[in-house]
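Visitor: Given next are the chains, with one letter for each unit.
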Amino acid sequence: MAETLIPKIVPQKTPAATAKVGSPLIEIEAISLHYGASRALKDISLNLEEKVVTAFIGPSGCGKSTLLRCLNRMNDLIDNVRIDGAIKIGGHNIYASDVDVIELRKRVGMVFQKSNPFPKSIYENVAYGLRLHGMKVKADLDLRIEECLRASALWDEVKDRLHSSALGLSGGQQQRLCIARAIAIKPEVILMDEPASALDPIATARIEDLILDLKKEFTIVIVTHNMQQAARISDQTAFFYIGELVEFGATSKIFTNPAQKRTEDYVSGRFG
Amino acid sequence: MNTVTPPEYLPGSSSDTTRFTRHFRAEKFDFWSFFFSGLTGLATFFILGILATILLNILINGWSAISWHFVSTIPKKDFFDANTTGVLPMIVGTAFRVIVMTIFVIPVGVITAIYLTEYAANTSTITRIIRAAVNNLAGVPSIVFGLFGLGFFINFVGKNMDKLLHNASAVWGQPALIWASLTLAVMTLPVVIVATEESLKAIPPGLREASLALGATKLETILKIVLPQALPGIMTGGILAVSRAAGEVAPILFTGVAYYMASLPGHLSDQFMDLGYHVFVLSTQSPNIEQTRPILYATVLVLLLLTFALNIVAILIRARVRKKLRALG
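Note that the protein sequences, when read in sequence, are chains A and B. At position 219 of the first sequence the residue is numbered 563 (the numbering used here), and the sequence of numbers has no breaks. At position 254 of the second sequence the residue is numbered 272 (the numbering used here), and the sequence of numbers has no breaks.
Some clues are possibly wrong.
[What the hints assert, rightly or not] If you only want the chain B side, here are some residues facing chain A, beta carbon under 8 Å, derived:
{"#": "1", "residue": "E136"}
{"#": "2", "residue": "A138"}
{"#": "3", "residue": "A220"}
{"#": "4", "residue": "L225"}
{"#": "5", "residue": "A231"}
{"#": "6", "residue": "L232"}
{"#": "7", "residue": "A234"}
{"#": "8", "residue": "Q247"}
{"#": "9", "residue": "P250"}
{"#": "10", "residue": "G251"}
It is worth saying that the hints were derived from the structure and are not from the lab. All C-beta atoms, glycine included, are put in the ideal place defined by N, C-alpha and C.
Same shape as in the complex, but just chain B (with noise of 0.2 Å):
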């Protein structure tokens, strides 16, 4: 017969039990282990040590300087002096250009976001084409996208349509807000495409086939079920290109920025001033560096909560549609 021996690792076996707390104590001190949880830590660190101390610096000086006299003034020729000087025209410029841009790169960029994950078949030359040309033009530096601008928008469309309705006399053939908004609408596309095909693709296939096999045509199914899903996503491509719009000054300066004007922008075909256009004047055109020191902080400092305030408004419309998808739809 044979008997049944109980396994090495039970009590009462052959060997003693304190053999588990030898085998599984750590026995030496895992230096790399150690070594690059630190080192991920300290890069972390770092960043967040260079964000601190830009948003500190600019915080600390420029908030003595900013009053509601300064947000809400329309500023002489001379804007260099720090008592009389104001930064409505900025304000009001960035925030026109950055709202225009908006309303031109969310539909282009949805819709071709659209027609390379609905209907272009994956595989083929020209999708992937206009993939790596999308690609591309994310990687574009901006100063080029400035003189696109100027050379399609402004010289080309501009002043054909001079021409064509105005007896060539110059209205649109000039830098104006639209151009500037149009040429931000085209750096910023890349964004909007990439983030909503994301979205698109995110949404479970299971819905399209379930729309379909009740007889939704294709658009039907489009429309209805995916487009609702996605709107998030595709709200946080216009969050990005908002973000990166603000601050932009490079495409905008041959295409519609303005060194000084004595009233707001009316009309779509005027010139504009922009805060960040204006932080490179105070700080290169400037007679005397100490006196426009609080006036430069203070409108970097509004530009900074602009563009905060911009996202803050469409983070919040966001979470209001993702409430409204998960509660209904």
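One chain only, chain A, in its complex shape (with noise of 0.2 Å):
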């Protein structure tokens, strides 16, 4: 009798609960989501710490970049998908009916695969997010517009064209544009989807070293099929085989000492 008034929060216990200390940031509670019929994450649950890179690994096909659009509701857009589970951002349920969508994705930022600048200025494109929240006074943007390109170490390529075209930068300036767009707003979480996948090795390498230095701020989760990427900048790593987390550990762990088989033959190249 009593037990059935105790609502289901007790956190699912996952191989990673105790691999870092600190409470965690986000906490995904046995998250399931179906497109339609077809089921995409089967009862997903892991914690993630703030102020850390974790890494989703795996297979085309196997969930991770779904289960990183849960995190900013960018999955709402699409038509026919359910999502049955709990994620936690600093204790707040993201999908109980209350909460304010905008509020969210200001504080859960997000990079594309595919740079995707609005075709505006250099200068604009920073802007744009700021102006939304009402960033209005010029002295202020250009104070603030100037300290994101400094920060996504773009400012030295770009500071004398801030007002011509985004559109007329390499592919690596662009998707560190997105990056400086993204982090403009101050978000706690910054989420990437692939970011360097269509990018160059030294334009890889500078996103790279980006992600670290962002790393003391910000608290990242990227979605990678570079398995020598992932070893290179993130702490965490976890890995989903067909909409199922395997394992979730500390990156070095995940790498040299895997638990789970299937996790070993994934990063060993022999499958995947």
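Given two chains presented individually in distinct reference frames, assemble the corresponding complex, making use of the accompanying hints.
Guide: Laid out in structure tokens, this is it:
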């Protein structure tokens, strides 16, 4: 009798729950996601720490991008999606009915696989989010935009052409501009969906350096197909396979001494 | 030991090198490809030929009758006299009705297209019904629009406005510029909706996602990111609507055009004279066909030039918008 009254909010036990000290910023609790009738995510639970880089790895179609998009509710935009379970950020369930999605997306920024700067000037790209959220004074904007472009290691390359089109930048520069745009509104979490998959090795290296730099201020979740990249930049790694979380733990452990056979096969390149 | 024998196609192999040339040379005349390329070319020439014939005929016969006097004179009641007549009221009337139409059709068309592409679920029954309605609207004969305008705008909207505002004296409840323009707006609505929808669909979804992920609302995303990008496409729709409407006579027959007016239209509730309708009048009502012929040609030429000019203006504005979008945005 008493048992039924207690809501099921007890965090799911995951292999990684004890991987690091400190209270988790993001708690993913038994998330399942259906596209129509097909299930893309099966009962996934894991906790992500603050100011830590977490990598989601796994073969194509394993659900890692889908899970990433659950964290800022970008999946809301797709028809016929059903999501069960809860995701708590800072203790609040972002799928609760009273959640303001706009506020959520302000706090959980995103960088996409294909760099997607607005067809506006470099300056206006970074200013877009700031203006949306009420920054109007030009001096404030100037200051913040310079700060963000410096933080995304783009300032020296673009400071003389802030007001020319962002579409004139190279692929790597465009992606760093998208990062600058995302950090401009001071999110707590940055989601990155294969941010370097379309870039050459040099541009990729710069993005990776940038991620390591941003870790000091932001909590970062990155989806990647590049195992070396996950090994280089992440502190924690989650391995997904066909919609399931196979293993989650410290990156060094996942890559050197995984508990699961499937993880070992994947990280050693035997499949996927 | 296996000896490696060079593949056949390499020099020095058993077959000689000339087999390449033999193999790739067209052996016989390909009749069917010649026939079809000729046929498609001929069809194109046919179209161009018709267009050139019409334009040249009008240009040659109309040019001599056009003068400053002709385009700047308000004619007397007897406008069949080539020496004294003019087409100023018709130019003003046609331009006026096309501009008023554009003011109505662009916002309504664009908002409908935004609803269909950005808000409505693509698979819902309502969306399908609206799409089918838009497509059917495009297939309705223009005279039916004229009758609709008379029945709905004049007899229903106009008469009721008079009852409410003017003590039932006829101000709005009669053929007028505004009703002709609105009738044309209804007629050209599908053109604007389809053109806008196409340009909205062409905008990469990544841009919408980027905006939403920054915490923009759907409305902010549409107003600040989507619409500016779609502007050239929307203007293309406007240009097509203007071209279609400028030459239409049937929809305005019952809704606003006048056989003769002594002065220029000065108010939306005035009737107006129109170039297209004037062409019809000149060719059917003239007491002396030979004498009227030069004015008839000249009037047609003025109509063509006016349509052309309205198009050029719209195309120039669009080019400016495109350039601005490309440079900055």
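Visitor: For every hint, state whether the structure bears it out.
Guide: Tested hints:
1. E136: violated, 11 Å
2. A138: violated, 11 Å
3. A220: It is violated, given that the least Cβ distance between A220(B) and chain A is near 13 Å, above 8 Å.
4. L225: With a minimum Cβ separation of about 6 Å from chain A (threshold 8 Å), the hint on L225(B) holds.
5. A231: Hint on A231(B): holds, closest Cβ of chain A at ~4 Å, below 8 Å.
6. L232: holds, 4 Å
7. A234: Since chain A brings a Cβ to about 5 Å from A234(B), closer than 8 Å, the hint holds.
8. Q247: At about 6 Å, which falls below the 8 Å cut-off, the nearest Cβ of chain A leaves the hint on Q247(B) intact, so it holds.
9. P250: violated, 12 Å
10. G251: violated, 14 Å
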